[in-house]
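Knowing the structure of chain A, use the given hints to seat chain B on it.
Number of protein chains: 2
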Amino acid sequence: MSTEAEIIAVGSELLTAGKVDTNSLFLTGELNGIGIEVVRKIVVGDDRARLADSVRSAVGRSAIVILTGGLGPTEDDVTRDAVAAALDRELVFSEEVCNAIRARFRSFGRRMAEVNKRQAFVIAGAEVLANPRGTAPGLWVDTGPAVVALLPGPPGELMPLFAEECIPRLRAKFGSRAIRTRFFRATGIGEGDLDQIIAPVYTRYRNPVTTILASSGDIQIHLRAQADSEAEAERLLDEVAGQILPLLGDNVYSRDGAPLEVMIGNALRERRQTLSVAESCTGGLLGGRVTVVPGSSDYFRGGFLTYTDEMKTALLGVPAELIAAHTAVSEAVARAMAEGARQRTGADYALSVTGYAGPGGGTAENPVGTVFVGLAMPESTTARRLRLPGDRERIRGFAVQNALDMLRRALGL
Amino acid sequence: MSTEAEIIAVGSELLTAGKVDTNSLFLTGELNGIGIEVVRKIVVGDDRARLADSVRSAVGRSAIVILTGGLGPTEDDVTRDAVAAALDRELVFSEEVCNAIRARFRSFGRRMAEVNKRQAFVIAGAEVLANPRGTAPGLWVDTGPAVVALLPGPPGELMPLFAEECIPRLRAKFGSRAIRTRFFRATGIGEGDLDQIIAPVYTRYRNPVTTILASSGDIQIHLRAQADSEAEAERLLDEVAGQILPLLGDNVYSRDGAPLEVMIGNALRERRQTLSVAESCTGGLLGGRVTVVPGSSDYFRGGFLTYTDEMKTALLGVPAELIAAHTAVSEAVARAMAEGARQRTGADYALSVTGYAGPGGGTAENPVGTVFVGLAMPESTTARRLRLPGDRERIRGFAVQNALDMLRRALGL
Chain A
1 MSTEAEIIAV
11 GSELLTAGKV
21 DTNSLFLTGE
31 LNGIGIEVVR
41 KIVVGDDRAR
51 LADSVRSAVG
61 RSAIVILTGG
71 LGPTEDDVTR
81 DAVAAALDRE
91 LVFSEEVCNA
101 IRARFRSFGR
111 RMAEVNKRQA
121 FVIAGAEVLA
131 NPRGTAPGLW
141 VDTGPAVVAL
151 LPGPPGELMP
161 LFAEECIPRL
171 RAKFGSRAIR
181 TRFFRATGIG
191 EGDLDQIIAP
201 VYTRYRNPVT
211 TILASSGDIQ
221 IHLRAQADSE
231 AEAERLLDEV
241 AGQILPLLGD
251 NVYSRDGAPL
261 EVMIGNALRE
271 RRQTLSVAES
281 CTGGLLGGRV
291 TVVPGSSDYF
301 RGGFLTYTDE
311 MKTALLGVPA
321 ELIAAHTAVS
331 EAVARAMAEG
341 ARQRTGADYA
351 LSVTGYAGPG
361 GGTAENPVGT
371 VFVGLAMPES
381 TTARRLRLPG
391 DRERIRGFAV
401 QNALDMLRRA
411 LGL
Chain B
1 MSTEAEIIAV
11 GSELLTAGKV
21 DTNSLFLTGE
31 LNGIGIEVVR
41 KIVVGDDRAR
51 LADSVRSAVG
61 RSAIVILTGG
71 LGPTEDDVTR
81 DAVAAALDRE
91 LVFSEEVCNA
101 IRARFRSFGR
111 RMAEVNKRQA
121 FVIAGAEVLA
131 NPRGTAPGLW
141 VDTGPAVVAL
151 LPGPPGELMP
161 LFAEECIPRL
171 RAKFGSRAIR
181 TRFFRATGIG
191 EGDLDQIIAP
201 VYTRYRNPVT
211 TILASSGDIQ
221 IHLRAQADSE
231 AEAERLLDEV
241 AGQILPLLGD
251 NVYSRDGAPL
261 EVMIGNALRE
271 RRQTLSVAES
281 CTGGLLGGRV
291 TVVPGSSDYF
301 RGGFLTYTDE
311 MKTALLGVPA
321 ELIAAHTAVS
331 EAVARAMAEG
341 ARQRTGADYA
351 LSVTGYAGPG
361 GGTAENPVGT
371 VFVGLAMPES
381 TTARRLRLPG
391 DRERIRGFAV
401 QNALDMLRRA
411 LGL
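So the protein lines, in turn, are chains A and B.
Numbered as in our numbering, the first sequence ends at 413 without a single skipped number.
Numbered as in our numbering, the second sequence ends at 413 without a single skipped number.
Isolated chain A, as found in the complex (with noise of 0.2 Å):
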């Protein structure tokens, strides 16, 4: 088992609707850096009473805690008087640190005011952790089983502090293992099938660790390992990757994390090929997504946003009469917007995208969140049917996911 880390972030701005605890994303990326992992994030307000019971039931079970803010000259900072509490430890006024603080003002030309000398009561056997980039110092409490850490709150104060002054004291301490982690993507499939598919596997391993993530119809699964060396590491991810992957076949398109958009792209670069789009229901976000890469540019010529029957028309050259025929949201439109956009355009592919997303239109037939994807090629087009779960911002993007892995696919990728 690795060692365990608790974070604990203090501020009643932080129970706010408008307020996220970031320092905690920093932190997380240090211990596991170390090979220490976080097992819990707790959030409290100024609340001497609530903080203190935290900071209790956190040193009773986890090896390392970790205090963020609270560490102000004012009234509602209780960091220290709850640590001291919880720990039953006294507050010892320290001269020392009192001057150090005030040297700090004078070096600003200013005077130390009287609500600072709170900053220099310093829990008893602690050590003191010079912050020069602020007035609070840090604290640094080892009680023989567990460490609790009490740093500042401001970022540009806590991470360096922390690298500086708290990892090395962690090395020291707890020593530290090898972590390593693999990072794949795949798409085509539903979670929960995937899973199925997968979990007989990883289930019969602590280690690696895996974790699935789902979101608009492109899954992530991550591995992380640990030993006591890297190559032993990396020797554990092999034996549960080798084994997952094949399972997945062609729904798995990116070892190492990259996204969809990412993976086409380069092949295009590679390649020397070029991209159009014609969106309808999707109203951009294909593009966008297609863009979000920097220097898609490369390989994205552009497209047509045609939302309208008439749009599909003039712009792309949709016959009038299949539209009638068959609806704006059919097979046939799907093909004939692609390769409308990629005439057009000039470039290799097209990719089109016509359907109901909702909440109102549909038919009996093509109810909301039917949406047809279209793709135009060098050689040949080809269309999709797909029947999208969720509500008008779900089957866009699960549109959109469909649209580029029907690309991904044809590219061979």
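Hints are not guaranteed to be accurate.
Copies of one chain are not kept apart here, so a pair can be met inside one copy or by any two copies together.
[Unchecked claim] Here are the simulated SDA-like pairs of lysine to any residue, each with C-alpha atoms no more than 25 Å apart in a straight line:
| id | residue 1 | residue 2 |
| --- | --- | --- |
| 1 | K19 | P200 |
| 2 | K19 | A214 |
| 3 | K173 | E4 |
| 4 | K173 | M159 |
| 5 | K117 | S94 |
| 6 | K19 | P389 |
| 7 | K117 | I244 |
| 8 | K19 | V262 |
| 9 | K19 | N99 |
| 10 | K173 | L87 |
| 11 | K19 | F183 |
| 12 | K19 | S215 |
| 13 | K117 | T381 |
| 14 | K117 | T308 |
| 15 | K173 | A314 |
| 16 | K173 | D88 |
| 17 | K117 | V201 |
| 18 | K19 | N366 |
Hints are computed from structural coordinates only; laboratory data are not their basis.
Just chain B, lined up with the frame of chain A:
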């Protein structure tokens, strides 16, 4: 004292360095809106024992415990199990829930995977909260002193489920003081500048509470007043809004929270006018945002994604000489793009965007972040040069916002 809530976000991915729990922001806003305070937020991984431990502690001290995530069909979805264990209740298979899940799959022409049956287990005594937007239903457990809600993690499922199913139940159980809110939106001004202008007003009031949120140049101003009567809460809101709004002038575009694309859409529909777009660096995001609005086909005709110089000439008729003389990122080309789109679509208005979204590109005179937005109208054409901050994603988001704001002001909204 107000009623207290804790939020527990479940998911190992929320304990990685790349991902932060944002559902809690929405939940906090909603809970605050009915007078309930969030006193603790916890993130736990997909670990049954740790989660059960967190739930047990939370239920022991707070009246309301809301869990998000971990309701999926896979092995690592442990929320149902862990809460059942923490509350010492059984998990019971529900034929009814299973049938609903199966019917949902069938409606997409798919078969339910065997693993999805896991989602049909219900904590004994819990109410099932139907989730028409996903397979995992929510669960609502009333233990007498406390309530525990289990909600799906995807925001598109969580948000409506919470608003529709949980808010009424919380109101019924915990009563609530009269709470009234106002929700304004502003744009065309920086968040910091806006705050500097109105902070002297709102900081004088603890009631209503004022919250300011900004995203891609769109600023939301929320006021929330609590009082013994609705009339008194409204009076408090009038008092503060009556001072804030005049300070912000025509930067305020919405007094009911309706976003920019909705305000514009409503005006165009009412006036029976139409819109088209011509996008370069935004690649479809402007069209994508216009068509976020259901029924936008009433006024959005479509547009052109012209990602290369050649396409600007071929699809929009921008003279190659004009591009050669001014470069594609210029006021002249922005105007020509807008006029080309307006002419070719027959729309009353056409918006254009051309710029350097980065990270590559740009010139000494027009570095990355330089974007021109153009607007062709029945009587005239106009264009504006913008210098936008941030990375590629932010620049593109700001560009879309600025283009829409240009149209908003032209429409006199």
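Intra- versus inter-copy proximity for V201 and K117 (alpha-carbon distance at most 25 Å)
between (55 Å within a copy, 20 Å between copies)
Is it within, between, both, or neither for K173 and M159, if the alpha carbons may be no more than 25 Å apart?
within (20 Å within a copy, 44 Å between copies)
When no copy is specified for K117 and T308, does a C-alpha distance of 25 Å or less occur within a copy, between copies, both, or neither?
neither (50 Å within a copy, 42 Å between copies)
Intra- versus inter-copy proximity for D88 and K173 (alpha-carbon distance at most 25 Å)
Answer is within: at 23 Å inside a copy they meet the 25 Å cutoff, but 38 Å across does not.
K19 and F183: within-copy, between-copy, both or neither at 25 Å Cα:
between (28 Å within a copy, 15 Å between copies)
At most 25 Å between CA atoms: does that hold for K117 and T381 within a copy, between copies, both, or neither?
So K117 and T381 fail the 25 Å test inside a copy (59 Å) and across (39 Å) alike.
Measure nothing new, just compare the shortest in-copy and cross-copy C-alpha distances for K19 and V262 to 25 Å and report within, between, both or neither.
between (30 Å within a copy, 21 Å between copies)
Intra- versus inter-copy proximity for S94 and K117 (alpha-carbon distance at most 25 Å):
The answer is within: 9 Å in one copy meets 25 Å, while 61 Å across copies does not.
Could you figure out if K19 and S215 sit no more than 25 Å apart (CA to CA) within one copy, between two copies, both or neither?
So K19 and S215 pass the 25 Å test inside a copy (18 Å) and across (13 Å) alike.
Are the CA atoms of K173 and A314 at most 25 Å apart within a copy, between copies, both, or neither?
neither (64 Å within a copy, 58 Å between copies)
Given identical chains, is K173 near L87, meaning Cα to Cα at most 25 Å, within a copy, between copies, both, or neither?
Within one copy, since 19 Å is at most 25 Å while 38 Å is not.
For K173 vs E4, is the C-alpha pair at or below 25 Å within one copy, between two copies, both, or neither?
Only inside one copy: K173 and E4 sit 13 Å apart there, 39 Å across copies, limit 25 Å.
Comparing the model with each earlier hint shows violations of hints 9, 13, 14, 15 and 18; every other hint is respected.
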